[in-house]
Each structure stands twice: as C-alpha cells, then as structure tokens.
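Q: Each chain, written out:
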Amino acid sequence: MTIILEADHLTKIYGSERAVNEVTFALGEGTSTALIGPNGAGKTTTLSMLGGLLEPTTGTISLNGEKRADVRKHIGFLPQYPQFFSWLTALEFTEMAAKLSGMDARSAKLEAQKTLEFVGLGDALRKKTGTFSGGMKQRLGLAQAIVHKPKLLLLDEPVSALDPVGRREIMNLLKSLQQDMTILYSTHILNDAEEMTDQLLFLRKGQLVEQGSIGDVRAKYDQPRYRVEFGRAEDAIIYSERAPWNVQVEGACGTIHLAQGFPTMADVLKSLAESGLDVRKAERQTANLEEIFMKVAGQA
Amino acid sequence: MRELVVLFQKEWRENTRNFKILWVPLVFIFFGLSEPLTSYYLPQILDAVGNMPEGTTFPMPEFTPAQVIMATMGQYQFIGMLVLVLAFMGTISRERKNGTGTLIYVRPISYLNYFLSKWKVVGMIALMSVWLGLLTSWYYTGLLFGKVEASDFFAFAGTYSVWILFVVTIVLAMSAWLPTGGAAGLSLLLILIVQIVDSLLGTYWTISPWKISTYATQWLTGSPDSGDFWWSIAITILAIIALMIFGVWMSKRNASKTKV
Numbered sequence: 239m240t241i242i243l244e245a246d247h248l249t250k251i252y253g254s255e256r257a258v259n260e261v262t263f264a265l266g267e268g269t270s271t272a273l274i275g276p277n278g279a280g281k282t283t284t285l286s287m288l289g290g291l292l293e294p295t296t297g298t299i300s301l302n303g304e305k306r307a308d309v310r311k312h313i314g315f316l317p318q319y320p321q322f323f324s325w326l327t328a329l330e331f332t333e334m335a336a337k338l339s340g341m342d343a344r345s346a347k348l349e350a351q352k353t354l355e356f357v358g359l360g361d362a363l364r365k366k367t368g369t370f371s372g373g374m375k376q377r378l379g380l381a382q383a384i385v386h387k388p389k390l391l392l393l394d395e396p397v398s399a400l401d402p403v404g405r406r407e408i409m410n411l412l413k414s415l416q417q418d419m420t421i422l423y424s425t426h427i428l429n430d431a432e433e434m435t436d437q438l439l440f441l442r443k444g445q446l447v448e449q450g451s452i453g454d455v456r457a458k459y460d461q462p463r464y465r466v467e468f469g470r471a472e473d474a475i476i477y478s479e480r481a482p483w484n485v486q487v488e489g490a491c492g493t494i495h496l497a498q499g500f501p502t503m504a505d506v507l508k509s510l511a512e513s514g515l516d517v518r519k520a521e522r523q524t525a526n527l528e529e530i531f532m533k534v535a536g537q538a
Numbered sequence: 005m006r007e008l009v010v011l012f013q014k015e016w017r018e019n020t021r022n023f024k025i026l027w028v029p030l031v032f033i034f035f036g037l038s039e040p041l042t043s044y045y046l047p048q049i050l051d052a053v054g055n056m057p058e059g060t061t062f063p064m065p066e067f068t069p070a071q072v073i074m075a076t077m078g079q080y081q082f083i084g085m086l087v088l089v090l091a092f093m094g095t096i097s098r099e100r101k102n103g104t105g106t107l108i109y110v111r112p113i114s115y116l117n118y119f120l121s122k123w124k125v126v127g128m129i130a131l132m133s134v135w136l137g138l139l140t141s142w143y144y145t146g147l148l149f150g151k152v153e154a155s156d157f158f159a160f161a162g163t164y165s166v167w168i169l170f171v172v173t174i175v176l177a178m179s180a181w182l183p184t185g186g187a188a189g190l191s192l193l194l195i196l197i198v199q200i201v202d203s204l205l206g207t208y209w210t211i212s213p214w215k216i217s218t219y220a221t222q223w224l225t226g227s228p229d230s231g232d233f234w235w236s237i238a239i240t241i242l243a244i245i246a247l248m249i250f251g252v253w254m255s256k257r258n259a260s261k262t263k264v
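Here the protein sequences come in this chain order: A and B.
FYI, in the working numbering the residues of the first sequence are 239 to 538.
FYI, in the working numbering the residues of the second sequence are 5 to 264.
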C-alpha cells in the first residue's frame, strides 16, 4: 500500500500548552482513518495542521513523500462548523471553490452542479447559503470538499451536528467516496468510526495514545467474557460460589472473565446445566468501541 | 491570474449584494451636491428660517468656485474618510472572525491574490465614489459660482485619488493585521489624527502623504511646488506598496486565526 500522507512528530504549542504533542502516523492510499478522542484532545488542531491552516511548531507533514509541499492542492477540507458567504448561492460557492482549486470554468460549473446533486442539494442550487439549515450547510460543506476530486479528504466531525437521518445519509455518502479518496475524519461518535474505518487514531491530551486497525485495537483492549443471566439474584451468588472459575456477580448476572482459566462456552454451559439454577441467558461478549474508547481515554 | 479573477468576482458580488456599491457613492454624491447648493443658497436659507430684525443685512462672503470645491473636499476629508473606514474596516478581519475565510484559506490560493482582489474592489468603489462626488460638485459649482478649468479640476481630482488609494490601503492593511475594531481605530488614527498633527507641526517638512490633499487643492488656484509635490506623490506610492506588502504578509500570517 502506498503511503499518501505522513505526519512525523507533529507538535503544536500554544504558549505553554502542547495542543498536539509528537504525533506520528501515516495514511495509506484509499484507506479511511478515524481520529477519535475526547473533547480538547487536539483533533481539530491536528486536522488544521494537515490542511495547511496551521503551521506545526515542530514536526513535518509529507504528502506523497514530499516534505513541505502545499498540501492544499491535494486535499478537500470540511471544518466542524463550515461557514459560507451568506450572499452567494450554493452553486456559486461550489463553483468558486472548484475554480480556486484549479478547475477551469466549464468543468467547475459542471462538477459543482453534479456534486451538489450528489450530496442532495439539487433543489437548492440557486438558493442563498444564508438561508440554509444546519444539515444543508453540512452537505454544502461536503460538496465544496469533494468538488475538485481531491486525493485526500479531511473532515472534522462530519456528522456530529446532524440528526440521526442526516447522519445516516452523510455516512452513506462518505462510504461511497471511500473507493476514490483517502479519508481522515475526526469523530466522537464511535458507531460511525466502527462503521467506516481501516485505521483508528486515538488522541488524548494532544498525544497519540493508540493506533492501529480496528481489529488490532480491539484485540489489545478487548477482554472477552461470558455473561450469564439468572432468574434470581441469589442464584448468581450460589453459582459464583460453586463454579470452578472466578465469577463476578452484579445483580442477577454473573460475569466470567476469560483471562482466568479460559473455560470454553461448552464448559460454562455444562456447569450451568449441572447446577440446576434458573438460567435465563448465557453469552460471550466482546468489548465494543465505546468501552475501548473509555479505556483508552481514561488511562493514566 | 485566473485565481485573481475568481477572487475579484467574489468580492464584487459581495459589494454588489450588500449594496456598498450603491450607498458609498451616494454619500459622496450627496456632499458633492450639498456643498455648492448650501453655499449658494445660504442667504435665502437664513432669510427663510432666521428671525432677523427688519433691515438686517449680512455681508455674505463671496465664494470663489475653487473655494467651493475645496470645501467639498473638506467634507470628504472628515466624513468621507469616516465612511470609507467604517464601510471597509472588516474586509479581511471579518472573514477570519466569522469563519468564512476558512474555506478560502484551505484552497491553494496565494495571499497576494487574496489581498489584491480586495484592494482592487475596495479601491474601485472608493475612487468611483470620490470621482462621482467631485464631478457633481464641479458641475454645480460651474452652474452656480463660475467656471473651474477642466485641466485644473482633473489635476486636483487626480492628485486627490492618490490620497484615496493611500487611505484604502491603510484600511485593508489594518484589517489584515488586526481584528475589526482595532483595524478601525488604528485606521482612523492614521488617517484623521496624523493629518491634524501633520497640519499643526507640518510646517517643518513639506514631503508627506498627509499633505497630498493640500497639494491637490493648490492645483485649483495655481500649482503646488513641483519638487515637494512629486516627492510627496513618490513617497505616498512607496507607502502604498509597503502597506500592501504588509497586508499580504499579515493576511497569510493571520490565516491560522480563522475560526475553524
């Protein structure tokens, strides 16, 4: 896989505060990467540096192996709250954006129209952006980011401000862009990250605390376990005393962590059957991204 | 080059759609009209509104045509400058503040073109306003007071245009450098206050951008000292270029302050 963008020890210092601290990662061509982390972790600052808006205090960004290139030629950028000139129409704005990225007048007009229809603004081409709702602005923001067909798409919280319907639609649009573009997007909505990600980057207090494919990260932080639900709380306690492995009791549930003893599901079911207790449910659980997030975000 | 055209078109649309292209010239035309009219009709106005005792006569000053045009410029030097500063103080700083600049700055634009596009549009509006206003004043002065030679008038208005470009460049450079409020304050200081200081203490020197308006008026009654005049023009053009370089540099440096 060719590396399209490389960030090497990227650091941004404001006064005495290190907003982004020695962040190093690479984006492979055609991959989607989710930048996740709690608020104030440095996601927006990182994206601003990659987008050429902010100069890193130290560290380098290379695009296609070229250091200090004008990255702006090859990217599409969507800020968290895109602001438009209220006196321009959606078509005029997108056309201008395409032209400023080097397209000639004819194809700019054509592509602007096509892109706006693609993001679902086909009915609002000639409406002033000042009248747009939040959802429409987000769509227009996406349109201006992709109209010039950039290689790399940088999106800051592309769906956070949207309602569930809008979020689904934008996620679907992004998924359909995955084939043609390398995408880096920040989010704190973990379901979205789980849905469309080859690589996860966890930022916390400006530092990259975890990175890797979603499978790798999950394997590292996942603590698989069996969870058994009993009809009555007493049964859970009885079982925890009798079982050959360590059982944690919480209400009417017993949880067996797989780290200790590694019983198979069959072992567990057998012991449950022999116990003659009122068992309602037994399942093997893996951590979801949210739990991993809490773990990574909370680690000291 | 094409990039400059695209940015210029954007600025032009902005100023058309917020009607600055209309109301700024109207202000200047208003003063170009009112100055000769009120000077001419002052005795009748006083008659109509004043409770003068019977038989009072005022020796009304006799205005020369040149004086009327100078008085128009006098209005521009205060109210006109105020209008230009207030209308264009946010040209660059506002785009940073409300975040509309972000989507421009992430495009591969050069900040030279960014600044130039604004300078051209604002300069055009300002010059158009001043010329329309002065032409109005010249026309009515000719009608009511007497003729001012066309060559004198054009030498005057042409010289004054250099000062207007200087003012416009100050406002834009300050807007590139500071937030809108600071840009307005410092622009007014540089345009109005320094002008007062220059006229108070300025007897000690003769070459200064702030003396351009005085030299402009001298074309109406004769001609300014040639050496002082050309040196002042040269210094002013140099100052304009220096302010533009500063403005481009500040636009670039402050791009990172845009709301993301």
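The set of hints was computed from the structure by calculation and includes no laboratory data.
Just so you know, not all the hints are guaranteed correct.
DSBU-like cross-link-like pairs, simulated, lysine-lysine; straight-line CA separation at most 35 Å [as the list claims (entries may be wrong)]:
#1 375(A) / 443(A)
#2 256(B) / 311(A)
#3 263(B) / 311(A)
#4 151(B) / 375(A)
#5 311(A) / 151(B)
Q: It remains to establish, for every hint, whether it holds in the given structure.
A: Tested hints:
1. 375(A) / 443(A): holds, 30 Å
2. 256(B) / 311(A): holds, 17 Å
3. 263(B) / 311(A): Since the Cα atoms of residue 263(B) and residue 311(A) sit roughly 21 Å apart, the hinted pair holds (cutoff 35 Å).
4. 151(B) / 375(A): Violated: residue 151(B) and residue 375(A) sit about 58 Å apart, past 35 Å.
5. 311(A) / 151(B): violated, 59 Å
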